[in-house]
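Number of protein chains: 2
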Amino acid sequence: MDFSRLCLHTITTKPWAIEEAMDKYAGAGIAGITVWRQWLADRDIAKVGEQLRERNLEIVSLCRGGFFPAKTAKGLEEAIADNRLAIHEAAALGAPMIVLVCGAVPGQPLSESRKQIADGIAAILPLAEEHGIRLAVEPLHPMYADDRSAVNTMASANAICDQLDHPLVGIAADVYHIWWDPDLAEQIRITGEKKRLFAFHVCDWMTPTTDLLNDRGLMGEGCIDVRGIRAMVEATGFTGFNEVEIFSPRWWSKNQDEFLDRIKQAYVEHC
Amino acid sequence: MDFSRLCLHTITTKPWAIEEAMDKYAGAGIAGITVWRQWLADRDIAKVGEQLRERNLEIVSLCRGGFFPAKTAKGLEEAIADNRLAIHEAAALGAPMIVLVCGAVPGQPLSESRKQIADGIAAILPLAEEHGIRLAVEPLHPMYADDRSAVNTMASANAICDQLDHPLVGIAADVYHIWWDPDLAEQIRITGEKKRLFAFHVCDWMTPTTDLLNDRGLMGEGCIDVRGIRAMVEATGFTGFNEVEIFSPRWWSKNQDEFLDRIKQAYVEHC
Numbered sequence: 003m004d005f006s007r008l009c010l011h012t013i014t015t016k017p018w019a020i021e022e023a024m025d026k027y028a029g030a031g032i033a034g035i036t037v038w039r040q041w042l043a044d045r046d047i048a049k050v051g052e053q054l055r056e057r058n059l060e061i062v063s064l065c066r067g068g069f070f071p072a073k074t075a076k077g078l079e080e081a082i083a084d085n086r087l088a089i090h091e092a093a094a095l096g097a098p099m100i101v102l103v104c105g106a107v108p109g110q111p112l113s114e115s116r117k118q119i120a121d122g123i124a125a126i127l128p129l130a131e132e133h134g135i136r137l138a139v140e141p142l143h144p145m146y147a148d149d150r151s152a153v154n155t156m157a158s159a160n161a162i163c164d165q166l167d168h169p170l171v172g173i174a175a176d177v178y179h180i181w182w183d184p185d186l187a188e189q190i191r192i193t194g195e196k197k198r199l200f201a202f203h204v205c206d207w208m209t210p211t212t213d214l215l216n217d218r219g220l221m222g223e224g225c226i227d228v229r230g231i232r233a234m235v236e237a238t239g240f241t242g243f244n245e246v247e248i249f250s251p252r253w254w255s256k257n258q259d260e261f262l263d264r265i266k267q268a269y270v271e272h273c
Numbered sequence: 003m004d005f006s007r008l009c010l011h012t013i014t015t016k017p018w019a020i021e022e023a024m025d026k027y028a029g030a031g032i033a034g035i036t037v038w039r040q041w042l043a044d045r046d047i048a049k050v051g052e053q054l055r056e057r058n059l060e061i062v063s064l065c066r067g068g069f070f071p072a073k074t075a076k077g078l079e080e081a082i083a084d085n086r087l088a089i090h091e092a093a094a095l096g097a098p099m100i101v102l103v104c105g106a107v108p109g110q111p112l113s114e115s116r117k118q119i120a121d122g123i124a125a126i127l128p129l130a131e132e133h134g135i136r137l138a139v140e141p142l143h144p145m146y147a148d149d150r151s152a153v154n155t156m157a158s159a160n161a162i163c164d165q166l167d168h169p170l171v172g173i174a175a176d177v178y179h180i181w182w183d184p185d186l187a188e189q190i191r192i193t194g195e196k197k198r199l200f201a202f203h204v205c206d207w208m209t210p211t212t213d214l215l216n217d218r219g220l221m222g223e224g225c226i227d228v229r230g231i232r233a234m235v236e237a238t239g240f241t242g243f244n245e246v247e248i249f250s251p252r253w254w255s256k257n258q259d260e261f262l263d264r265i266k267q268a269y270v271e272h273c
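Going down the list, the protein sequences come from chains A and B. Residue numbers for the first sequence follow our numbering, beginning at 3 and rising by one. Residue numbers for the second sequence follow our numbering, beginning at 3 and rising by one.
Same shape as in the complex, but just chain A (with noise of 0.2 Å):
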């Protein structure tokens, strides 16, 4: 059983704080760890990273920043000021990487929202590069294409990488989100050409899905075929993380712990 490239996000496991998940973790022998910025509320960050860090938690990436698109000036430029703060929080966490969520606006026409995405992301690119922070665009399923992200295939996230073409800017590929795309396989080989996919997310499509938002399943419960996507991916050279990311009430009521058990035995078998 290796868990050494098992990763996950602090909103997996929802019911626990900062100091619980990471002692849970690493005494699950979990090797990473992606913070979501709301487990940092109220914390000193410094000292959390610290914390990780002396858990041997590797930490794979904040989680998240994003939201660029906005109506108005000031909504752009809140947005900008959001995401410098994150690049902020990761340099104090000490995360290699931050998740960009992209932001939609509903009624503002796509292709709109995607040029400020890239104008966002090309005006926190200086603040990035001078604490050496990744950005990874994460390409969100079409359903949340009205208010949370005009991103919504791989290919579009290719595009604004190929666009702002900076080492820096990657793509994190979660499977929830991209794994009906016809053209996945091709579009997943050009973010290994271009040494850009940064993250890899796991997780599963219940059918039904009840929810939109929050009906994520465990790897195995769902239909998507993790396990090819992740070999996909790992043909581009991909040696990162797989990164449990699961929103669940289902799950957050149970037992932590023994959703932890399942966690891992999940992945040993469908990841």
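Hints are not guaranteed to be accurate.
Heads up, the list lumps identical chains together, so a pair's fine if it works in one copy or across two of them.
Dumping the calculated SDA-like pairs for lysine to any residue here, alpha-carbon to alpha-carbon at most 20 Å [unchecked claim]:
1. K117 x A187
2. K16 x I61
3. K76 x T212
4. K256 x A157
5. K117 x D185
6. K73 x D227
7. K76 x E223
8. K73 x T209
9. K26 x V50
10. K16 x N257
11. K76 x K117
12. K256 x A124
13. K197 x P169
14. K196 x G51
Simulated from the structure, these hints should not be mistaken for lab results.
Got chain A sorted already, so can you dock chain B onto it with the hints?
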């Protein structure tokens, strides 16, 4: 107020049986009707067709065939048999077209399902030819890729049409399923070039969407640029109906006469 290209799907006014729907639609000056097969259960289908024509309602299509993929040979055969039945029903009704919701099987690779879909359509084509019935492949939103359709983009629908290369096989474009697609304009252009855009369905995408199946909005309630997509569609030379297809317990629970008025108003203002 021109309603000569307005068509309603019987599902849109779900509380009305076919007899009531046809009287109400005709009374409201609506020109077209797409009949869902459930509305024909226990009816003399040829007689319903006559009643619709007596009311000067143009029968736009029969909805729906499809669901070709299956894990067993028996399942595949049953699907083809049901689609042949749909062709007989369309012929009896006097509908010139059947909408195909192509189907998917959770856990089966989408590429395999797409092969079964193409094979299934090929298998029913001789009977479709015999009756002169057009088959409209409807790409479904990627959130239905688990169990409703392995055809989730216009590009994927175009690929199946290319493969079958038959004048009776085309595409039903529904704004709900395709509005988010960065490649939409180009793919619609191709449907025009290949003379395969058979139908155009309208509704809206609600923010938030509270149910994956039954939370469609009336045009103008959500974020879809229906008028912009209609312009793309008509730029191909499409002169068919704008078919209103809304699944919504929220609307079904209201007075359906008032809903019909709201549909006409939304059609004028947002389509």
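> When no copy is specified for K73 and T209, does a C-alpha distance of 20 Å or less occur within a copy, between copies, both, or neither?
Replying inline: between (36 Å within a copy, 16 Å between copies)
> Within a copy, between copies, both or neither: where do K117 and A187 come within 20 Å Cα-Cα?
Replying inline: between (26 Å within a copy, 18 Å between copies)
> With identical chains treated as interchangeable, where does the CA-CA distance between K16 and N257 reach 20 Å or less: within a copy, between copies, both, or neither?
Replying inline: within (11 Å within a copy, 43 Å between copies)
>> If the cut is 20 Å between Cα atoms, do K256 and A157 qualify within a copy, between copies, both or neither?
In response: neither (37 Å within a copy, 42 Å between copies)
> Quick one: K117 to D185, C-alpha cut-off 20 Å, is that within a copy, between copies, both, or neither?
Replying inline: Close across copies (16 Å), not inside one copy (23 Å); limit 20 Å.
>> My question is about K26 and V50: at a cut-off of 20 Å on alpha-carbon distance, are they close within one copy, between copies, both, or neither?
In response: Within. Shortest intra-copy distance 15 Å satisfies the 20 Å Cα cut-off; inter-copy 66 Å does not.
>> For K196 and G51, with the copy left unspecified, which applies at a CA distance of at most 20 Å: within, between, both, or neither?
In response: neither (31 Å within a copy, 58 Å between copies)
> Is the C-alpha distance from K256 to A124 at most 20 Å within one copy, between copies, in both cases, or in neither?
Replying inline: neither (42 Å within a copy, 49 Å between copies)
> Is it within a copy, between copies, both, or neither that the alpha carbon of K73 lies no farther than 20 Å from that of D227?
Replying inline: between (38 Å within a copy, 16 Å between copies)
> Checking K16 and I61: alpha-carbon separation at most 20 Å within a copy, between copies, both or neither?
Replying inline: within (18 Å within a copy, 53 Å between copies)
> Between the shortest in-copy and the shortest cross-copy C-alpha distance, which are at most 20 Å for K197 and P169: within, between, both, or neither?
Replying inline: For K197 and P169, only the intra-copy Cα distance (8 Å) is at most 20 Å; the inter-copy one is 44 Å.
> Is it within, between, both, or neither for K76 and T212, if the alpha carbons may be no more than 20 Å apart?
Replying inline: Classified as neither; 36 Å inside a copy, 30 Å across copies.
Hint violations for this structure: numbers 3, 4, 7, 12, 14, all remaining hints satisfied.
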